[in-house]
Structure formats: C-alpha cells, structure tokens
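For reference, the chains in residue letters:
Number of protein chains: 6
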Amino acid sequence: MEKDRYQNGLDKLMEYTLTDNKDISTHLKISDDLQDIAPDVGKYIIEFAYGEIYSRAGLTNKQRALVTISSLVTQGTEPQLELHINTGLTAGLTKEEVVESITHLIPYTGFPRVLNALSIAKKVFSMRDEEVSELKAH
Amino acid sequence: MEKDRYQNGLDKLMEYTLTDNKDISTHLKISDDLQDIAPDVGKYIIEFAYGEIYSRAGLTNKQRALVTISSLVTQGTEPQLELHINTGLTAGLTKEEVVESITHLIPYTGFPRVLNALSIAKKVFSMRDEEVSELKAH
Amino acid sequence: MEKDRYQNGLDKLMEYTLTDNKDISTHLKISDDLQDIAPDVGKYIIEFAYGEIYSRAGLTNKQRALVTISSLVTQGTEPQLELHINTGLTAGLTKEEVVESITHLIPYTGFPRVLNALSIAKKVFSMRDEEVSELKAH
Amino acid sequence: MEKDRYQNGLDKLMEYTLTDNKDISTHLKISDDLQDIAPDVGKYIIEFAYGEIYSRAGLTNKQRALVTISSLVTQGTEPQLELHINTGLTAGLTKEEVVESITHLIPYTGFPRVLNALSIAKKVFSMRDEEVSELKAH
Amino acid sequence: MEKDRYQNGLDKLMEYTLTDNKDISTHLKISDDLQDIAPDVGKYIIEFAYGEIYSRAGLTNKQRALVTISSLVTQGTEPQLELHINTGLTAGLTKEEVVESITHLIPYTGFPRVLNALSIAKKVFSMRDEEVSELKAH
Amino acid sequence: MEKDRYQNGLDKLMEYTLTDNKDISTHLKISDDLQDIAPDVGKYIIEFAYGEIYSRAGLTNKQRALVTISSLVTQGTEPQLELHINTGLTAGLTKEEVVESITHLIPYTGFPRVLNALSIAKKVFSMRDEEVSELKAH
Chain A
19 MEKDRYQNGL DKLMEYTLTD NKDISTHLKI SDDLQDIAPD VGKYIIEFAY
69 GEIYSRAGLT NKQRALVTIS SLVTQGTEPQ LELHINTGLT AGLTKEEVVE
119 SITHLIPYTG FPRVLNALSI AKKVFSMRDE EVSELKAH
Chain B
19 MEKDRYQNGL DKLMEYTLTD NKDISTHLKI SDDLQDIAPD VGKYIIEFAY
69 GEIYSRAGLT NKQRALVTIS SLVTQGTEPQ LELHINTGLT AGLTKEEVVE
119 SITHLIPYTG FPRVLNALSI AKKVFSMRDE EVSELKAH
Chain C
19 MEKDRYQNGL DKLMEYTLTD NKDISTHLKI SDDLQDIAPD VGKYIIEFAY
69 GEIYSRAGLT NKQRALVTIS SLVTQGTEPQ LELHINTGLT AGLTKEEVVE
119 SITHLIPYTG FPRVLNALSI AKKVFSMRDE EVSELKAH
Chain D
19 MEKDRYQNGL DKLMEYTLTD NKDISTHLKI SDDLQDIAPD VGKYIIEFAY
69 GEIYSRAGLT NKQRALVTIS SLVTQGTEPQ LELHINTGLT AGLTKEEVVE
119 SITHLIPYTG FPRVLNALSI AKKVFSMRDE EVSELKAH
Chain E
19 MEKDRYQNGL DKLMEYTLTD NKDISTHLKI SDDLQDIAPD VGKYIIEFAY
69 GEIYSRAGLT NKQRALVTIS SLVTQGTEPQ LELHINTGLT AGLTKEEVVE
119 SITHLIPYTG FPRVLNALSI AKKVFSMRDE EVSELKAH
Chain F
19 MEKDRYQNGL DKLMEYTLTD NKDISTHLKI SDDLQDIAPD VGKYIIEFAY
69 GEIYSRAGLT NKQRALVTIS SLVTQGTEPQ LELHINTGLT AGLTKEEVVE
119 SITHLIPYTG FPRVLNALSI AKKVFSMRDE EVSELKAH
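Chains as they are written, first to last, in this note's numbering: chain A, 19 to 156; chain B, 19 to 156; chain C, 19 to 156; chain D, 19 to 156; chain E, 19 to 156; chain F, 19 to 156.
What the hints contain is simulated information worked out from the structure, not anything from laboratory work.
Hints may contain errors.
When chains are identical, the list treats them as one kind, so a pair holds in a single copy or across two.
In silico lysine-lysine, PhoX-like type, Cα no more than 20 Å apart, as pairs [said to hold, decoys possible]: (1) Lys61 with Lys47; (2) Lys80 with Lys47; (3) Lys30 with Lys80; (4) Lys154 with Lys30; (5) Lys61 with Lys154; (6) Lys140 with Lys61.
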C-alpha cells in the first residue's frame, strides 16, 4: 500500500539522522520549502529514493553514503553534497573516510571538484562540532 | 626516490588484478598503446594514481573501487567504467555490490547513466565468467 | 497497491508506442536484458518513471517528450536519445519539431551536442521510414 | 543586412518580455555589464540566439521556453535558469507547466538538479508576485 | 550582407584545412549529411562559428585550436574532438602541442577524459601519416 | 627525491605569480585552509600539478593557462576559474586574450557557461586594477 512505502522511506531516512542534530529537519525542510509549489517531489524523495532505493538489500548504509557522496562530488551539486556528507557521517562514515573518498577522486574528476568538495566537508565538520559543543554545554 | 613511487604504484595495481585474468594486461595495455605518443601518461597512472592516491591509508581497496565506479557511472566515461568494474571485482566487490551501487545512483544521476552502466556491468560479468570457464576447461 | 502502479506505468508506456513499430519492444527489451543482473531497474522504469512521473497531469505527452529529448541532448546520453526520439514521434511530435528542438539548443549546449543529436535523429527517422515501407509492402 | 538581424533579434526578445516586468532589462543588463570587456557577446545573443535561432519557425515560443528550461536544469547553470524561467512565464508557460517540466526531469537528471531548479523557480514566482502586487498598489 | 558572412566563414574554414587532406570535406560532409533534415545547422556553423567567432581578431588560429580542443576533451564529445585535432594540426599545432595540451588537462578533468582523448589523437595522427604516405607514393 | 618535486612545483607555481599581487597567497591559502582536514591535497597540487604537469616541456606558460581556462569555463567550476584567470594574466596572457578565449567557446559550450565566465573575468580584471591603483598610491 502507498502509505507503507512512505512510512518505509521515512524510517529509512531516520536511520541516516540523529535525534540530536539537524539532518532530519534539513531533509524535511526541503520538502516543506517545496510544499507549496511541488508537494509531490518531497513525497518522491521519501517514497522512491528512501522507501525503494535506500531500502534495498545488498549494500550497507555506509556504502550507500560513499556511493552518493562520490556521485555528488563528481557532479558538483554542492547543496546536496553538504546534506549527504552530513547524513553519511550519521550513517557511520568517519570524517577520515569522507575526506579519503573525496581525495580518492582526484585522478577521476581532477582537482577543482575535489577542492570544492573538501571546502564543503570542512564546513560540515565544523558545524557538527559546534552542535556537539552546544549539546555538551547544556 | 622516483623508482620507489613507480614500484609502489605497480604493487598496488597488482592488488587489483589476478594473475589468471586480463586486468593487469589491460591496464598495462593502455600504457603500451600510448607509449609512442604520450609515454608519461602511463607513468603518471602508475606513480600518481596507484603509487600515491590508491596507496593512501583510510579506505579499503573495496571502498576505493566503490568510489571510483560511482564517479565513472556519473561521468558516463564508459571504457574506464568497464576497466574499473573489472578491477573492483578483483579487489573483492561482489557482482551484487557492483549492481547495487549502480542501481543506488538512480536518484542521483537518473536512469540513462544507470542503464548504460548496467549494460557494461553485464558485459564484464559475462567476460569474466567465460574466462573462468576457459580456465576450468584446461 | 503495487500492482496498480506497475500496470499504470505499462499503460502509460503504451501511449508512447505503436503496435506497428518497435518502441515497446525496445523498452521491454531493456528490462529483459537486465532481467538477470538487475531485475528491479526495469520495474522502477515502469512503476516510477512511467507509473508516477509520466502519469502526472499538467503536461501533454508531446510536452513531456520535448522536455525529455532536450535533457538527453544536453547530457549526450545517446542510446537513450535514440529511444526517446522514437517515443516522442509516437507521442505526436513531428520530425520537424524534433529537429527544431535540437537546433534550438545550439545557443545552450553549443554545436557538438547538437550535431551528435541530429545524427541520431536522422538515423531514427530513416529506421521508421523503412518500417513504414515494410508494412506497406505487406 | 546586419542591422536587420539585430533588430529582428530585439523584436523577438521583446516577445519574451513584458513592459511591466524586469525581463527585458535583465537581458539588456547582461549586455550592459559586459559592454566594457566583451561588447560583441551581447550582440551575438541578440543577433544569433534571438535573431536567428529563436526567430525560426517550427516551434511556438512556449515550446522554445520548455526546451531551454529543460537544458538549463540539466546543466545546472543557475543564473541563466532564473532568467529563462522568467522569460518562459512571459512567453505563456504557466507556473504549473514550469514546475511539471522540472519535476519530469527526475528520472533523467536525478533529484539534485531538480531540487536546485525548483528552488530557483520558487524564487522567480515569488519575485513576479511581488511585482504584480506593487503594480496593483499603484 | 548575409552572403558575405557565409563566404567569410568558408574562407576562414579553408585556413584550417589543406587541399591535400580530408578536413574540408569532413566539415562539409557534416553539412551534407544534415542537408535533408537540418539544412540551416551547416549554414550556422559556417556563418556563425567560422564567419563570426573564428573570424574575430585577438587570438591566432593556433590559439583558437588549443581552446577548442581543451573544451572538447573536457566535454568528452569525441567525434568533434577527432575533427578538431585534425583542423588544429592543419592550423599549425604540432602533434607534440596537441598531446601536451591533452596531458596538461589531467589535473583538471582527471585521467579518463585524457586517456580517451589521447586514443583519438593517436588515431588522427596515424590517419594523417597514411594520407601523407599515399600522397608520396603517387 | 620527494623534496625536489615539491620545490620544483613551488618554483613553477611562482612563475605564475607576482610578488606584488595575491595569486601566490591564494594558492597557498587553499592549501592552508585544507591543512587540518586534508593536508596531502595541497601537497599533490604542488608536487603533481605544478611539479610534474606544469613543469613539462612542450607548451609555454601562456599556452598552459589557455588550456586550463578553457577547461574550467567548460566545466563551470567557478572558484577555480577565478584563480586561473588571475594566474593566466600573471603568466602573460593579456585581458584581451582571456576574453577572446572565453568568447571563442560560445559555439562549443553555448552562451550560459560563457556569460558566467565573463562575469568572473570582469571581477578579476577589476580586482587587479584596484591592486595596481593601491600600489601606485603608496
């Protein structure tokens, strides 16, 4: 039933997020922002991308995050790269694995894409560190 | 010393190849083909790509193969994709992991790149099966 | 129910095909070719691409064909461009509209992508003319 | 005569603009901004892109706008996408057709390009609504 | 007058061709092949690309060939790359400059595009050598 | 020895910079910014890109700058384009040659990439003029 695919996708998306950081709200914020002009696109992300593709067997969440990040570095689609470095870390990738994956792409995409991706990774790392500091301060 | 970087790269490249299939000869064939017009490019592949980048710590050979394949699917550079699906399998990826990684890219690259990549994967799988059959027949 | 999405997609795909040409079999042939290594990808094309996206209101089939062709010319993914020029003609685009759309892209993609796309269009037109001739000869 | 091609292009460009919004000035602003370093580029846009390509028969202005937008979403060239969503609306596309065209590209470009394009569409829609409100307020 | 732009473009195109090789006929063959379905595209190549852009002052023919080849290597549009390596050699680039320009792109595009481009360069060099041999044999 | 490759790259990089402008510091700033998360990437830029590729014979520094700029315009990687227009000017390209090279790409990449690149060129020219003014004022 359709509802199950949506719920399925939402559950899967939750695995890539932490209750104590802003990933899930960022993902849902994208849907919210488009709610007025393109409400179905957010639904397709949950139902198709997370409910069908991410819910498949055969790769770990960490492997799916590696594949996603590698494609986004290659495309140079930066807002999505920021989001998926974040969800990748939540899915269990270490910062070192993220940096190594991007660095590994130098022979395949050249330096420009890699440098832009590393700047985004640095920004994501620093934002997550701040969140952790804030949480600890409470 | 320069010689060490080259030897280092060659050793690393060997990890991605089997003595009983044609990977290593394909890689070296690329260098051979370009030997007359661009001899240094084969050298850079060995020294820089394999001797420096692939020789870094922080990712397993399987993870490096996943990252490489994901980038090549996204770029649509098909001769290299064929080569790297082959080396990925040699590095330890299962056929299922190769197919899953390509399938996972549907939401990020769309269907056309994915379909073209799956056709190449199918071709590589079938060539490797034939080689195994031939070996067994001997 | 899941079955309905699949049937829905198949019905929509049929609108883009003629019983007397090879479009539908080409689309299904893609699924068939991948049946052994990636059976779900053919299912996603029917269920998601045709059953959800193509089944949306808001654009005519001809408009959807124009949008698809324009994206494929821009990407340079040629096997898919051949298929979608074919389905576009079946959906009601005239040959002139196909050629004009490709020509219109000169200022946006430059000449190389446009020239490659026109070569494919020429090939598709000539294959369809032959099919019509064969049908008339019977 | 050369002057006619320029005038022809300017007339065609006017069809894609309204006297009561900022499209025409945006187009001309691009030429103005480049007037000092590359004066001929603005001339080529008017003479070649509008005077020759857009002035061809065979597609309606709305169809040309659809083709243009589809290519720019696929390329991810965002400043131009903003401009051409604007001119597309002026040429007669509805907001729904713009959103549907972008949404239709999910299976061909993946979600990242589509999400970035929808954000731009949302921004353009809201800017045009404000202009209309301002006009009504007078 | 329009005729002058066309003649101007044809004259410029001639500078990139030799009477004793097949460049000019290849360029004109493209136009001939598209004569039936898109006759104006060949005209735009002559009038706009050669008659206006290539006819500008400020760069030598060799520099224009370098810029063109670098863009085509980056795009991976291979049929055009073959043509423009040919015209680049006719315009005065040496084989070494062609190979060096492609090799120089490794840090900017990665190895895959560079390797595919070098294969094409090798093919073009060998075809031109054969033509020279044939001419000498007469 | 490794140290020599690094020194070699640094010397070559110096040729593309002036003591009285900010190029060298921009290049080194990139390495500095990534020092904490990816220290080796800056090293690869110096050792491999400048120490090996840029240090090759066969092209002048001006030609290498032309090739680099043409690739970056085609890719649309804007932060790097800004940097390399700057180093290209230092390497001896005139502003006119930079503008002409970008303009020459209209038939190969279309107008969008060219317009975005010209905006960046304009910004770089104006920043360099200001630096010269500031220097003269002292």
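Open item on the list: Are any of the numbered hints broken by this structure? If so, which, sorted upward?
Closed with: 2, 4 and 5
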